[in-house]
Amino acid sequence: MNLSRKWLNEFVTVTASDKDFAEAMTLSGSKVELTHDLGEEISNVVVGRVTAMERHPDSDHMWVCQVDVGDGKSVQIVTGAWNVHVNDLVPVALHKSTLPGGKKIEKGKLRGVESNGMMCGLSELGLDERDFPYAAIVPAALLNDYHPLDKDKPSIPADVQPGHKIYGPVVAARITAVRCDGVNAFTVACDAGSGSVSLSTSCPNLHAGDLVALDTKKEHICTLADLHAQQAEFPHCIPDGIFILHEDCKPGDDLKPVIGADDHVVEFEITPNRPDCLSVIGLAREVAATYQVPLALHEPVVKGGGQGSLVELLDVETPAADLCPRYTARMVRNVKIGPSPKWMRERLRASGVRPINNIVDITNYVMLEYGQPMHAFDYRYVKGGKIIVRRAEEGEELTTLDGKTHTLTANHLVIADEHRAVGLAGIMGGENSEIVDDTVDVVFESACFDGTCIRKGALALGMRTEASAKFEKGLDPMNTLPAVNRACELVELLGAGEVLDGVIDILNYVPQPRVLKLEPEKINALLGTDVAESQMVEILKSLDFQVEGDQVTVPSWRGDVIGMADLAEEVARFYGYNKIPCTLMRGQTTLGGYSDQEKLERRLGSACRAMGFDEIITYSFISPTCYDKIRWPQEDPRRQSFKILNPLGEDTSIMRTTVLPSMLEILTRNYNYRNQSVRLYEVGRIYLPGGADGLAVEDKVLSMGMYGQGVDFYTLKGCVEAILKELRVERVSFRRPDETNPSYHPGRVAQVWAGDRLIGVLGQVHPLVAQNYGVDAELYCAELDFNQLYAAQGPDPEYVPLPKFPSVTRDIAVVCDEAVTVGQLEEAIGKGAQGLLKEVRLFDIYRGKGIDEGKKSVAFNLVLRADDRSLTGEEADADVKAILATLEKDCGAVLR
Amino acid sequence: MKEQLASIRAAALAAFEAAADPEALDALRVQYLGKKGELTAVLKQMGKLSAEERPAMGQLANEVRAALEQALETRGKELEAQALDNRLKAEALDVTVPGTPIQEGHRHPMYIALDEIKEIFIGMGFTVLDGPEVELAELNFDRLNAEEGHPSRDWSDTFYFDEDSRVMLRSQTSPMQVRAMDSMPLPIRIIAPGRVYRKDEVDATHSPMFHQVEGMVIDKNVTMADLKGTLNTVVEQLYGKGTKTRFRPHHFPFTEPSCEMDVQCHKCGGVGCPTCKGEGWIELLGAGMIHARVLEMSGIDPNEYSGWAFGIGLERTAMRRFKIADLRLIFENDVRFLEQF
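Chains as they are written, first to last, in our numbering: chain D, 1 to 896; chain E, 1001 to 1341.
Keep in mind that the hints were calculated from the coordinates and are not lab data.
Hints may be right or wrong, so weigh each one.
[Claimed, not checked] Quick list of in silico lysine-lysine cross-link-like pairs, DSS-like style, CA-CA up to 30 angstroms:
(1) E/1244 to D/31
(2) D/579 to E/1277
(3) E/1267 to D/31
(4) E/1277 to D/19
(5) E/1277 to D/104
(6) D/256 to D/104
(7) E/1277 to D/517
(8) D/342 to D/470
(9) D/31 to D/579
(10) E/1277 to D/522
(11) D/19 to E/1244
Generate the whole structure from the sequences, applying the supplied hints.
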């Protein structure tokens, strides 16, 4: 909501600086986003009157003007604009002036002629034609500015003279005199070769001596469009020029008030519970309460007396009464459509609304002032003089003011006459009843519609408008009548038409003011304050709550106030949130802390970091194509994902059921950034279908990924083993999966088991997967199920006495088939040992000279020890012998 | 003989002194004191002496032996010390050569900020809760008093999984308030950090997925002054003692009164600068007294119990904590970024 401080001052006088005002309002609950001084950048720009002008002696397109800038001072200014005439009032940026955009103007010389400033066009003042519609320029095509596109084939000869035929009835003519008759109205005399002709034109770029194309049939001076000419052919006959002022001002006046740049605009962020503050009056009430100054509201007074009887001319029916709590309308006849006055245009513009014409501007003005959306229809198009507020018929079509045609459903509310819809209630009027230049009779509608219906309707049609945004928050039905009266009052003030007596006012609800009990002790108990009851009453009254005894009547526009806590907030806002004391919590103490799951998460994190893994955070949603990239088959059940129906894009449209693509994406990014050695981890969630209430099963996964020089399968395996050791997981084994995992290298992948519990998988990412990510390097990833890790955690350690007796070590090397795994050999060693084996350590695998093809030699270091005596060599040898026997029996491995 | 002893003594002492290393010294020991050594050879001639001469000469010989042994030991120690000295000199290192690097992993900066927040609240007796991200609209909205029609329920703002807008990605951590009220005995003090999702395009300050920490206290006689006091304490621990804060009225459907808490801009100290958009203050979090209807919907009597709640955005907290300029860095996970923390 943009608030003009000039407009605000009509209701409440506050002189605080913008900064102080913004802070005070923010602290009382109306958050100020920004403040603008509309004229901040304009200085030393005044109104001037052109007293004389002549063509520049050394230029074919410039004029040298003498400009009266007040106090009898006259300055010489050179301009390239062609729409200036003697006696025009113009904005003059004097020597050492500033303009919007940080532009500085100083005196200088233009082609040797002194120029003491600049006459300004609209854009140089930060304005455009919508701000001053009369400043639009339609230039005539001046033949003395003709520049042929092809020098060898000019359409108009360079030596063209008055009377020469150009085409058909169009001849060349020389302007001999120009007289300004009013806004864009000129009478020119011209010599068309056969004598002098006088005619009127709206083209402002004509001066005595100019050569023009005269349509002798239409008595019309041709524009570029008339000649089907391109701009390049007439480079100085442009629809731009100096802003010729037609305002109430005189030479020497500061320009800022003349163009409305002396206002300050405050931009508020209004929370959805306060639709009443989407209006000048609503904000004025907050300002008055903040500054504890009186609020001067104005009761609209309508003279009326227009010809005719309202009840005979207009009938309103509201069959959809549930969606239209109140419908209020008045009529205005003999409307004179025209621009609205400058003060109204300025206030609209300051509020960010484009001025259109007096009737439309009035509806917008009232909407801004009262927060009540208004609509004006052309009565001619209300067939049968009947307005019906009804649900649309299924498939009914309506073209709205923006020219778009909509097919409606019974969920939409329309304003209709007896035959057809003429507007989408609360959203936008229909094109078929729009106010146009020849509109004569106007119906002003000021209604209250059901917020949900308007919101859903606007959403379904994709056309949220200023009106619908207000209605959807739930407006005050009590506001419709003052608003429509205000509109009629403005019609009379602007002399824009004759207001008929009487009001059509249909109430489909029973107004019931909400009455709450004032409970000061409860309010103080909630706030932790000691605010006096009298102060509470004062605050509530300043917001137009009525207080009698302990009964508080809530104003109709404060639908958000329903209970004690709401009254407490009103009190707190104006007592001052920052005056509420700061206390620490009392009461029963609670024991805080982490859950066991969180403790595990933290342990996993520190274990990973200790091994050089950096923590990452990845998006929970992925693209469905990620499953293709990690080579999951189309029919893989894990592709069943939670699918977002309204995603931002395909890339973030499904909830991941695997963390692998997220890790690969980040590894890839780092790889592309040429980061040499990367180790990453994340405890991430996956989202599997099948949770309670239709929700997801949100399991966590420890995701690890790495690449870099010297990194191989065993590097990652060592890290995974270290994590399992940290958690004291028992009976850990690594097995080649029975079914191939398509995401991993088939020969470099292992399942991680703890006994019968599958913990996860680790391995080298399949080269084709890496290729899908555009990576030409070995990537290694592990995915460990958090719940399984949690369940597999070993018990807290218990002290085991340190060995009292020395151990005996024996190295053995056995030769076996290539297919036999180290795991199998270790298992056989464990099985064959007879109670003395404490440790087995692989120390060498050898293939080559001395070992047959297809075989390998595997060497282990065995540590044997008894807890109650020193072992003898014979005892150790007996154990080793048994181990070797088992190795041979189970694995076909023989001592080398 | 006497002369013989004296000359051996002199020669040996001189030779010992000249020995360059322990090996040479050992050879001299053998040469003079060994079984076949020079002194031993002289002593062997003792038998030729008369009985009168023998004691005096024996004493002299023993003196010479003792002196030589003494000199040997002294010289030996000298040589040892010298050898050690030489070895240490030879072993000297260039201490400016960099140490063998230890590859340490790094905690993500956002989680560093989260850890700090958690520690503070755990110290005040809060329990850390975790909950689902795929959530029921009932818990995310209805039970938090954001009725049908509340703008945040729009499909343009929130991600949904079904046409009925029943299951969604939580748009705030606040449904954890409801889950806590439904499952925990009173009094309650919880914080619930986690991921939340809103339909915002990615830019320097927005992401469709981000993190919040929810906090809630429900007990008898809990006041807005407690809310202010507690949050001020938290801010002082996060940003340093004496950090200035202010509370502004605001609106949330599930709290009344509601507020937003600002901290004074660290860059300009409240004067106004680009960092704080000229306001002098930076918005930190939203909070308020739990709405009576929210308590009632969870079966808690608002006449007996009251409570307060807050929600803080983690990314912004981390960005402020570490002066990270662009939110996208948080989710980019470039190790050159991660390894700065």
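Hint check results:
A threshold of 30 angstroms between alpha carbons decides the hint, and for residue 1244 of chain E with residue 31 of chain D the separation of about 19 angstroms falls inside it, so the pair holds. Taking the CA atoms of residue 579 of chain D and residue 1277 of chain E, the gap is about 25 angstroms. The hint holds against a cut of 30 angstroms. Taking the CA atoms of residue 1267 of chain E and residue 31 of chain D, the gap is near 22 angstroms; set against the 30 angstroms cutoff, the hint holds. The straight-line distance between the Cα atoms of residue 1277 of chain E and residue 19 of chain D is roughly 12 angstroms, inside the 30 angstroms bound, and the hint therefore holds.
Proposed proximity of residue 1277 of chain E and residue 104 of chain D is supported: the alpha carbons are some 26 angstroms apart, at most 30 angstroms. Distance hint between residue 256 of chain D and residue 104 of chain D is fulfilled; the C-alpha atoms sit about 16 angstroms from each other, no more than 30 angstroms. For a cut-off of 30 angstroms, the pair hint linking residue 1277 of chain E to residue 517 of chain D is broken: about 42 angstroms separates their Cα positions. The suggested pairing of residue 342 of chain D with residue 470 of chain D holds, with an alpha-carbon distance near 27 angstroms, which does not exceed 30 angstroms.
Taking the CA atoms of residue 31 of chain D and residue 579 of chain D, the gap is near 18 angstroms; set against the 30 angstroms cutoff, the hint holds. Our distance criterion of 30 angstroms between C-alpha atoms is broken by residue 1277 of chain E and residue 522 of chain D, whose separation comes to about 38 angstroms. For the given pair, residue 19 of chain D sits about 19 angstroms from residue 1244 of chain E by alpha-carbon distance, which is consistent with the 30 angstroms threshold.
Checked against the numbered hints above, the structure violates hints 7 and 10; every other hint is satisfied.
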